[in-house]
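S.K.: Produce the complete structure using the sequences and hints provided.
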Amino acid sequence: MNLAADRDELLAFLDTIRRPQFPTDAIEDHDSLVESGLIDSLAVLQIILFLEQEFGIDFTAAGFDPDELASIAGILDLIERRSKR
Amino acid sequence: MRGLTQLHEDPHLIKWAQTPGGKLAVWVIAAGLLLPSYFSILFVLFLGLVMIWPEQRQTIVLLATPLVALELFAGPINRLVTYPDALNIVWTVFPAVLTALTIVLLCIMAARNYEVLPRIVQAHPVLTLHLFTLCAIIGYRIAFLGAPDSAWKVLILGTLPFLVWRCCYIMLSGQRGSAKTSAVTDHLFYALPVFGGSNVPFGKGYDYLKRCRATDPEALARSQLAGLKLLTLYWLWIAVRKLIRAITYGDYHGWPGFAEAYGIAGSVNLGIPHLSALVTMSNPASPHIAYAWASLMVALIVATLSIAIIGHIIIGALRLLGFNVFRNTYKPLLSETIIDFWNRFYYYFKELLVEFFFYPVYTRYFRSYQRLRIFAAVFAAACLGNIYYHLLRDSWQLHALTLEEIFSRTGSRSFYTVLLAFGVFFSMIAQSRKRGCELAVYQRIPEWAHRIRRIAGVWLFFSLIHIWNIHSPDANFSTRSAFFFSLFGIDIGY
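Top line first, the protein sequences correspond to chains A and B.
Numbering of the first sequence is given in our numbering, commencing with residue 21 and proceeding in unit increments.
Numbering of the second sequence is given in our numbering, commencing with residue 19 and proceeding in unit increments.
Bear in mind the hints are in silico, worked out from the structure with no lab data behind them.
A few chain B positions that, by computed beta-carbon distances, are all more than 12 Å from chain A:
| id | residue |
| --- | --- |
| 1 | F112 |
| 2 | H148 |
| 3 | F150 |
| 4 | L152 |
| 5 | A201 |
| 6 | Y309 |
| 7 | L323 |
| 8 | L416 |
| 9 | A418 |
| 10 | I424 |
| 11 | P464 |
Now the stretches of chain A that chain B is said to cover, found in silico as 3 or more residues with beta-carbon under 8 Å:
| id | segment |
| --- | --- |
| 12 | 66 to 79 |
| 13 | 85 to 98 |
What follows is a list of derived Cβ distance ranges for each label pair:
| id | chain 1 | residue 1 | chain 2 | residue 2 | range |
| --- | --- | --- | --- | --- | --- |
| 14 | B | V46 | A | Q73 | 50 to 58 Å |
| 15 | A | E74 | B | L390 | 19 to 27 Å |
| 16 | B | L149 | A | E74 | 33 to 41 Å |
| 17 | A | G57 | B | I473 | 14 to 22 Å |
| 18 | A | E72 | B | V202 | 30 to 38 Å |
| 19 | B | W311 | A | D28 | 52 to 60 Å |
| 20 | A | F42 | B | G157 | 48 to 56 Å |
| 21 | B | T23 | A | F42 | 18 to 26 Å |
| 22 | A | F42 | B | P54 | 42 to 50 Å |
| 23 | B | L81 | A | T36 | 48 to 56 Å |
| 24 | A | R27 | B | L42 | 44 to 52 Å |
Just so it is clear, the structure is predicted and the values come from calculations on it, not from any experiment.
Virtual Cβ for every residue (Gly too), placed ideally from N, Cα, C.
M.R.: Take a look at the structure:
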């Protein structure tokens with residue numbers, strides 16, 4: 021597993037769902053994606069879909085805390101722990 | 019104006035609030051704002067100890083918990099049971115509190131040792147707790163229907179609906195693995211909340227509270243100042259609600275004596291009827307249609323203020339204890355989408371529905387069909403979860419009724435939840451369509467006009483569906499629907 025490659029893939033995805041006026045490179049890894057204005061709270065559903073499809077993460081077994089998806093760092097941590105790729 | 023509303027974020031004020039004089043001032047102001055509300059002197063004294071020894075606040079809160087637990091259960095107990103004599107109070111209250119404490123402790127132990135639980139419980143912790151609760155309620159109905167009130171009634175119908183959602187949060191932290199390293203007191207804090215609350219767990223559970231917990235003096239001061247702001251808003255919104263009720267309905271109940279003495283009370287009155295009265299009329303043609311619409315809008319504003327008032331005092335108290343959590347109500351009347359209003363109106367209830375109904379359905383079912391997946395999850399939360407929560411909350415009233423009687427009592431609200439779910443679903447779809455779209459460079463109509471149109475649309479939707487939600491014991495589904503059609507000049511002849 022390559023953290024840098026995962027990060028690039030995640031940023032490329034966030035670029036497709038972000039609000040137009042907020043560039044992805046304007047936020048730090050630990051900033052809240054929703055509170056910074058990059059995405060709205062519903063975009064979390066699209067992040068779930070992305071993680072299921074691209075990283076094979078199954079949220080049914082261990083459940084999940086929506087706040088784990090609140091920042092780039094949180095999502096990368098989740099990918100590292102639960103990715104089946 | 020912005021400087022005034024963001025005063026609690028002022029660095030100089032935050033620094034001052036960390037000094038002994040600042041702490042004393044925060045405590046005195048908090049006491050002044052809390053004591054005239056329903057908070058007791060006990061909470062204010064424990065808050066004083068938190069101000070003196072902030073690093074020991076976990077222990078202080080633990081000491082407060084059993085005492086406040088008695089207060090906490092006093093409400094449901096008084097509502098549920100008529101005592102023939104004082105001795106029965108002892109035999110009713112103490113077993114209920116002790117059993118509640120035992121249930122909570124068992125849940126905490128289960129969450130901390132999650133891997134030893136049976137597989138089925140590990141996979142469905144929330145469902146297991148609710149099955150247990152439902153079995154207890156149905157068992158109570160079978161065993162005690164028609165019997166005199168007993169401790170069982172307090173325990174099962176008064177305590178379980180209060181505890182079960184909090185226990186669900188305990189089990190969720192077990193499932194997520196975070197409970198393993200937590201202390202028992204971390205969970206007791208929100209399971210038996212000294213900061214008050216309803217059946218809805220304000221502040222959610224351990225995982226969220228841990229993230230919001232102030233870990234240094236500056237964060238604690240910031241949290242406490244934010245708490246004072248909410249307590250101030252609590253009183254401000256009470257005053258605004260009284261003023262609106264007085265001017266629109268002519269309801270001067272609770273106004274100070276001088277208002278009557280100087281003839282202020284009743285002098286200004288628009289004579290708008292209460293929505294709760296209008297929805298009871300089988301032929302609501304009597305009030306002018308403009309009054310009916312005005313009544314609808316005023317009801318939405320009053321309902322929003324009422325929710326804000328309840329939430330601000332609880333979240334304000336929680337922030338004073340050093341947990342800088344989201345407020346329960348945040349400017350919902352400025353929302354531009356239905357989903358945004360739902361999120362801002364009653365945040366912790368929405369979170370309950372999302373965490374225990376939306377996400378479990380969203381992550382399990384229809385994974386290949388994105389729209390169907392969202393639709394199912396929204397209906398599970400906004401409709402089914404919503405109905406279930408209220409059935410459980412009202413089980414103390416409903417347990418003795420037949421299924422038909424329960425349906426007739428809850429039918430209107432169920433219809434409201436269906437409308438809400440459709441509204442939330444379409445709002446989510448519309449928002450996901452817009453996501454990623456570039457803003458138009460040139461617009462003929464200014465943005466502020468678009469904004470007002472969107473806000474008006476949200477007001478219209480929520481005020482209309484409120485017709486089937488507003489509390490009115492004499493109204494039924496037909497009279498509420500008749501009122502709805504009368505707003506458009508249609509007499510359905512009911």
